[in-house]
Amino acid sequence: MRNPQCQLCERCKTATNICLWGRSVDEDKEIMIILDSVSKETDRTGLLTQGQTGQQLLQLLTKMNWVYNVYVTTATKCYSPAKATAKEYKACRRYLLEEIETIKPKLIICLGTIAANALFGKVIPLKQLRQRFLEIETEDHKKIKVACSYSPAIIFVDPSKFPTLQKDLEWIKSNYKAEEEKFDYVIAINDKLPESKIYGFDVESTGLNV
27 MRNPQCQLCE
37 RCKTATNICL
47 WGRSVDEDKE
57 IMIILDSVSK
67 ETDRTGLLTQ
77 GQTGQQLLQL
87 LTKMNWVYNV
97 YVTTATKCYS
107 PAKATAKEYK
117 ACRRYLLEEI
127 ETIKPKLIIC
137 LGTIAANALF
147 GKVIPLKQLR
157 QRFLEIETED
167 HKKIKVACSY
177 SPAIIFVDPS
187 KFPTLQKDLE
197 WIKSNYKAEE
207 EKFDYVIAIN
217 DKLPESKIYG
227 FDVESTGLNV
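Under this note's numbering, read the sequence shown as residues 27 to 236, first letter to last.
No lab work stands behind these hints, which were simulated from the structure alone. Heads up, some of the hints might be wrong.
Computed list of lysine-lysine pairs in DSSO-like fashion (alpha-carbon distance at most 27 Å, straight line) [to be verified]: (1) Lys148 to Lys89; (2) Lys130 to Lys116; (3) Lys132 to Lys203; (4) Lys168 to Lys89; (5) Lys169 to Lys187; (6) Lys193 to Lys132; (7) Lys130 to Lys55; (8) Lys130 to Lys169.
A quick note: this is a predicted structure, and the numbers were derived from the prediction, not measured.
Sequences and hints are given; from them, build the entire structure.
As structure tokens, this is what we get:
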């Protein structure tokens with residue numbers, strides 16, 4: 027569980043709130059959104075909807091009527107002004123997986139490359155993950171759908187991609203409750219598999235685009 031004394035990586039040295047877990051507005055936590063990292067404002071207040079990225083996300087969730095059934099968290103659990111390294115987000119990954127076991131969401135949305143890499147435990151280009159449903163399996167063998175897109179912070183880095191994020195979220199909302207056979211494919215990534223391999227499983231006889 028949350029460890030305020032965590033020293034697994036260097037980010038604890040720059041954080042006010044060490045090992046910061048997410049939170050939701052309501053008790054309904056059907057959807058978990060994973061952002062890349064804790065912002066400076068979030069570190070100060072403990073609220074993930076604070077700061078520029080958090081405010082952009084809140085506006086998107088409000089527009090989509092998702093505010094009250096979304097749990098928001100981050101891949102890295104401590105604030106640092108530097109971009110998270112692979113070593114750092116892998117150190118935080120144990121807490122992220124514990125969070126998933128605790129919340130038990132039906133859908134996980136990774137917004138950002140670090141969020142996706144942290145969840146899957148390996149590097150997969152974001153362009154290969156967008157507008158696809160993937161699948162992870164928890165320790166109790168529960169399967170959870172996963173979708174990925176850009177971080178809301180993309181609006182400050184490359185504003186031209188922000189409409190793509192909006193379209194991705196609308197696509198996710200429209201399709202995540204559909205039957206599996208309507209999807210192009212599902213990739214099941216088991217945490218116990220070797221880090222160097224990704225296993226793809228076709229859910230139909232056609233339509234596997236990898």
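Under the criterion that the straight-line Cα-Cα distance not exceed 27 Å, is the pair Lys193, Lys132 satisfied? Roughly 21 Å between the alpha carbons, so the hint for Lys193 and Lys132 holds.
Below or equal to 27 Å on CA atoms is what counts here, so check Lys130 against Lys116. Judged against 27 Å, a Cα distance of about 21 Å means the pair holds.
Lys148 and Lys89 were given as a pair; does the straight-line alpha-carbon distance stay at or below 27 Å? Distance of about 32 Å is beyond 27 Å: violated.
Do the alpha carbons of Lys130 and Lys55 lie within 27 Å of each other, as the hint requires? holds (8 Å)
What's the verdict on Lys132 and Lys203, does the C-alpha distance respect the 27 Å limit or exceed it? holds (9 Å)
Verify the proposed pairing of Lys169 with Lys187, using a straight-line Cα cut of 27 Å. violated (30 Å)
Can the restraint linking Lys130 and Lys169 be considered satisfied, given a maximum Cα separation of 27 Å? Distance of about 10 Å is within 27 Å: holds.
Agreement of Lys168 and Lys89 with the hint, judged by alpha carbon distance not exceeding 27 Å: Given pair Lys168, Lys89 is violated - Cα atoms ~30 Å apart, limit 27 Å.
Consistency note: the structure conflicts with the earlier hints numbered 1, 4 and 5.
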